[in-house]
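Q: Sequence:
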Amino acid sequence: MPKIVDPVARRRAVAQAVLSVAARQGLEHASLRNVAEEAGLAIGSIRHYFADHDELMTFTMRELSRRIGDRVRPHAERLLAPDGHPDRRAETEELLAELLPLDEPRRQEAALWLAFTAAAHTRPELRPCAAEMQADLHTLMSRVLHEARSADGLPDGMDVELESTRLAALLDGLTLQATLLPDRYPPKLLRQVLRRHLDALRAGS
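Following my numbering, the residues of the sequence shown are numbered contiguously, the last one being 205.
Warning: the hint list may mix true and false statements.
Derived DEER-like restraints, expressed as beta-carbon distance ranges [unchecked claim]:
#, residue 1, residue 2, range
1, ARG47, SER150, 48 to 58 Å
2, GLY153, ARG33, 32 to 42 Å
3, PRO82, ARG195, 21 to 31 Å
4, GLU37, PRO186, 47 to 57 Å
5, ARG89, THR139, 34 to 44 Å
6, MET158, ASP87, 49 to 59 Å
7, ALA42, GLU104, 43 to 53 Å
8, ARG195, GLU125, 34 to 44 Å
9, GLU104, ASP136, 18 to 28 Å
10, MET158, HIS48, 50 to 60 Å
11, ARG71, ALA169, 19 to 29 Å
12, ALA118, HIS48, 27 to 37 Å
13, MET158, GLU77, 33 to 43 Å
14, LEU180, GLY69, 42 to 52 Å
Calculated directly from the structure, the hints in this document are not laboratory data.
Don't be surprised by glycine CBs; every beta carbon is placed ideally from N, CA and C.
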């Protein structure tokens, strides 16, 4: 009896092979041949699940985005629940910290995301995913700050949309610097900068 293959699981396994190759050698080395070898599959099997290399790379970028979202979502659900969170300030910090490279898995994830977003500059098929991720990040920042203002955690006159952009830019900048220079930007420092920024928001500065 032929083995039944879950197509979603197989596509995700191939995407993981792309990420593994890219993490070791760079995104430019994630050719169909190298990915097939990493996944233990024939190139023909890869082509059975993906029409071409562009589709594979787009799926992998979206898979990486999904993984980040799956990690952040539980924090967001607790923080944005109707009854709120008993320690909104601490949960806000934990949610935002999930977007920083505070350990090796998140450092690798950040490096891969930066590689994909850089590639999107010259690969049009990747741009929609990069744009969606940035839009989702801004939306999340906006919801978090709106909820904080509603709970009297932020000044009433704060420009939430502007501060959402500033917060997203802070996280992006810290991620870039800590990915490139991990010794200069250790997890403790990243936490301190994030905490200082949240304190400044609460103080209205």
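Q: Does the structure break any of the earlier hints, and which numbers would those be?
A: 2, 4, 5, 6, 7, 13, 14
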